[in-house]
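Got chain A sorted already, so can you dock chains B, C and D onto it with the hints?
4 protein chains.
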Amino acid sequence: MIWSPAPYPWPDGRRAAACFSVDVDALSPYLWATRDARPDTIAVPEHRMAGMRRGLSRMTDMLARLDVRGSFFVPAVVARENPGLLPGLVERGHEVALHGDWHEQVGDISDQQFTDALEASVEVFVAQTGQRPTGFRSPAWEMTPHMLRELRRLDLWDSSLMGDDVPYDIEGVTELPVRWDIDDAIFFKFLGAGDRAPRSHLEIGEGWSSELSSARRHGTLFMMTVHDWICGRPARIDMLEDLWREIVDSPDIWVATCGDLARHHRGLTERPRHALTQLPVHSSKGSSDD
Amino acid sequence: MIWSPAPYPWPDGRRAAACFSVDVDALSPYLWATRDARPDTIAVPEHRMAGMRRGLSRMTDMLARLDVRGSFFVPAVVARENPGLLPGLVERGHEVALHGDWHEQVGDISDQQFTDALEASVEVFVAQTGQRPTGFRSPAWEMTPHMLRELRRLDLWDSSLMGDDVPYDIEGVTELPVRWDIDDAIFFKFLGAGDRAPRSHLEIGEGWSSELSSARRHGTLFMMTVHDWICGRPARIDMLEDLWREIVDSPDIWVATCGDLARHHRGLTERPRHALTQLPVHSSKGSSDD
Amino acid sequence: MIWSPAPYPWPDGRRAAACFSVDVDALSPYLWATRDARPDTIAVPEHRMAGMRRGLSRMTDMLARLDVRGSFFVPAVVARENPGLLPGLVERGHEVALHGDWHEQVGDISDQQFTDALEASVEVFVAQTGQRPTGFRSPAWEMTPHMLRELRRLDLWDSSLMGDDVPYDIEGVTELPVRWDIDDAIFFKFLGAGDRAPRSHLEIGEGWSSELSSARRHGTLFMMTVHDWICGRPARIDMLEDLWREIVDSPDIWVATCGDLARHHRGLTERPRHALTQLPVHSSKGSSDD
Amino acid sequence: MIWSPAPYPWPDGRRAAACFSVDVDALSPYLWATRDARPDTIAVPEHRMAGMRRGLSRMTDMLARLDVRGSFFVPAVVARENPGLLPGLVERGHEVALHGDWHEQVGDISDQQFTDALEASVEVFVAQTGQRPTGFRSPAWEMTPHMLRELRRLDLWDSSLMGDDVPYDIEGVTELPVRWDIDDAIFFKFLGAGDRAPRSHLEIGEGWSSELSSARRHGTLFMMTVHDWICGRPARIDMLEDLWREIVDSPDIWVATCGDLARHHRGLTERPRHALTQLPVHSSKGSSDD
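Going down the list, the sequences are from chains A, B, C and D.
Here the numbering used here is used: position 142 in the first sequence is 1291, and no number is missing along the way.
Here the numbering used here is used: position 62 in the second sequence is 1211, and no number is missing along the way.
Here the numbering used here is used: position 209 in the third sequence is 1358, and no number is missing along the way.
Here the numbering used here is used: position 89 in the fourth sequence is 1238, and no number is missing along the way.
In isolation and in its complexed conformation, chain A is listed as follows (with noise of 0.2 Å):
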């Protein structure tokens, strides 16, 4: 339990952080979840592939506008399929970084396979972009305490967990919190019959422009996650450029990749430090530890 802790201390004066992270996962989740019996009918997969083809594009060409630089993060399957990709990216100014290989699940995979993925994913960063990549998200936000030990060992930050509004350390790894309230995906997404129907792009715009207000405020992380293939639809784009228009114009917020906000929070001499939860045993009467 913290009372009142101090707040986090931004460069140059600045008052709250804003990053604008983009998953490029392409057909990476369906590939995963059909992995064992793959259907003949191809609704998915095109509506999927509608980001490769137009809504990435539309992306970093409104990035352009702004002069924004983004972190993108590429399962390798993706990086493989597409080999213009990566570089594409980082010829634009932007930065590339690690999504699993297939955008495998946390729950569906051992250690090992884990361990293996991430060793191959950064390989196929190396072989396409020349520079080893710097950090790592997870393929639907889950994390282990093995994972953890990995990216520490492979000394690669983390932008996969919730545990506070501004960058943190756990377990010896740099965490750039993500929020599922800045994410386009649980409102946007929608592949069929089972999904509820989409948000409206008004409402959530303007959610996130209040969030945005909220975040100068407190002196938090802006920390947005989109998807090509979801945000790249025009209005979608449209309410991302107005949003981030207002981002760029407003001097006290910091623009800055997951990799500036890393360095950052590495050099910093008071930092906030969250273990590892150890969770209490329950007993049928509870015990007292205290």
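What the hints contain is simulated information worked out from the structure, not anything from laboratory work.
Among these hints, one or two may not hold up.
If chains are identical, the list can't say which one is meant, so a pair holds when it fits in one copy or spans any two.
[Stated by the list, open to error] Straight-line alpha carbon distances no greater than 25 Å define the calculated DMTMM-like cross-link-like pairs of lysine to aspartate or glutamate that follow:
| id | residue 1 | residue 2 |
| --- | --- | --- |
| 1 | K1338 | D1391 |
| 2 | K1338 | E1390 |
| 3 | K1338 | D1185 |
| 4 | K1338 | D1210 |
| 5 | K1338 | D1189 |
| 6 | K1338 | D1401 |
| 7 | K1338 | D1387 |
| 8 | K1338 | E1419 |
| 9 | K1338 | D1398 |
| 10 | K1338 | E1352 |
| 11 | K1338 | E1291 |
The following block gives chains B, C and D in isolation, referenced to the frame of chain A:
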């Protein structure tokens, strides 16, 4: 991966295109879902019949006021049960096109059954209107490679996929892409306890109007899909009329039927061509093919 | 298929009609759902009882301020458990009508059980009010051909189906159609973890007001359905009062009970008559019957 | 059935009352749900811990700015794991009250286990604060007759049921009723794929402000319930502060803790007393007991 694809060339210097498409399903999805065991309850068929009794007529009256020609997709069973339907639509200047026989779902039928239903539907249209239909929309917007082959064999355009925001070619078929975001059913359809409550027509109308603005800005196709039994109710018809009044009053938008769009697209020398996606094979370590 | 049906003739040159109907279910749906195994938990029955303790009274006080007579549908078990209910409603000038015995769902009971419950309910109404009820609404708005036959045999109007936007005849029964879109339960009912969170009364109130405008424009019936335990809460009552103030201040709207509507409808020479839909039989190739 | 019950008498001629109540669940619902098999994934516990690390402190800072005393319901396991929590809340002038031991769900435990957990919780509170807690709120707002008997035996008020809009008596226990409609969890809680996307804090804040106006008009209790890990995020805290600024600026609203409300209620001579509902027994024909 396509970086900055060229804008789609609409005719006469228009900036965008809009199509008013209607799926006249009437009872057919209910008939298909209950084909093996039909309950004796009548709430659902009565609810759906409000479209044939009142809603469709409100819709064609509205289109007449707007001077807009729509594209009406009609399952063959609906045409057979309502013999005045196809002739009445054609007489009012609208396009009629194929939508399965019993609104059969792709996943429920064999390739041969699809072919039989498609050919039987063409016969019904020829018999009732004296004209061969030129296009097809799949029930529930699902497709297979077999279906694409059959459409190409019969020289039919398709309007069921979402792989781009403008017309494109896929496996030799002209695709006039749809969008869940401007379909009425996922927002308004409500047939009982299991369904999610309808969204407000005010919220959706505002969102669709904003989608339209973005279509003009990005030069895309605004392919709206509605159902007479859903949007033929008073408040939704009025919302649609307001939206389409805005469209017909915009000289930079080309109001076109699906047939108009397909004819234009086929006449272009440069047009988006997307191959049916070849899916990589998964191995435990991933394979490198770049 | 009906092209451009004639407008429905409301009395005295009114353009539309509005009816305030209330389903006074109290505990009955809970009693029915738990009839075989009743848990000892009390949150749900306590929640529902707020209607009888406070909400229904707020509703009748509001109707008195508006000078509107409502139509209250009461399951017989609710009348038996609350012997002051039917007499109190009649004394306040409202109409009371049938709504099953234990709010039994059509799918759970046999034809004979429906008939027994209907006849038992009529007896309770006669015993408590001295008057024979003139109409019926089905619990959960489900119907069967048997139910329609029984209503016709007992000369009762019905208000449970959605096959048109104005009163109509079906199998010799006068139908006063309902609409999910102006029912409170699907938007506001929330009884615990499995349910969807209530929608905002501001959003719904705005939508209903717009529905009302469209009913006036299209000359339809605005059949509102509410529940005292749901809409008897403060903010929803205030929303309803604002909406109905608008209605009573509109001289072109006929404010009527279900009984008023049924009497008017039966007196018309030209009235919409819809046959119970004959469903075609499915064969693998489809059958042609036109 | 009560027709036009008397308005509830608030002290000093106030028209309504408002209470800011917080369920400080921290990890306890997760601990309870995973008590038999705990996964090694950490996203959910990390997400929940944001409350203890940051959100709760933002909430008490906000209450200090507003000069409002809140009522904080704390499961005993949370108090044991965070020994500074109860003393810190009391020191800041707030009320602390019981909320189970491990946030155990009523349906999962026996009567004896409830009694054991209740008594163990009282001991923890006495040990940590030196004071006996005066009230209880049930995890998930479920209750049984046994629980009511135990609360009466220990002379504890309750705040878990929804049988009225003002304080009332049930089985000799003072009930301070809650409302789903002004609870944050059902609108904002989101822990992963199965959950529904959070609603906009702007929409909910507008709705709650309107609920407040109606509480003033109808003289009811505005019992708000929030969670530090949900509403401790920046934009929601700001929404709450705007709402409560409106409350503290309204001289006709009595801002009270649950303890204040219970003391006032017990001092009234005329107060709503509702018997635990006796449920009728179902027979196939229904029984007449009026």
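Checked hints:
| no. | hint | in the structure |
| --- | --- | --- |
| 1 | K1338 - D1391 | within (21 Å within a copy, 27 Å between copies) |
| 2 | K1338 - E1390 | within (19 Å within a copy, 28 Å between copies) |
| 3 | K1338 - D1185 | within (24 Å within a copy, 33 Å between copies) |
| 4 | K1338 - D1210 | within (22 Å within a copy, 35 Å between copies) |
| 5 | K1338 - D1189 | within (22 Å within a copy, 28 Å between copies) |
| 6 | K1338 - D1401 | neither (32 Å within a copy, 30 Å between copies) |
| 7 | K1338 - D1387 | within (17 Å within a copy, 28 Å between copies) |
| 8 | K1338 - E1419 | neither (39 Å within a copy, 31 Å between copies) |
| 9 | K1338 - D1398 | neither (29 Å within a copy, 32 Å between copies) |
| 10 | K1338 - E1352 | both (15 Å within a copy, 18 Å between copies) |
| 11 | K1338 - E1291 | both (19 Å within a copy, 17 Å between copies) |
The earlier numbered hints that this structure contradicts are 6, 8, 9.
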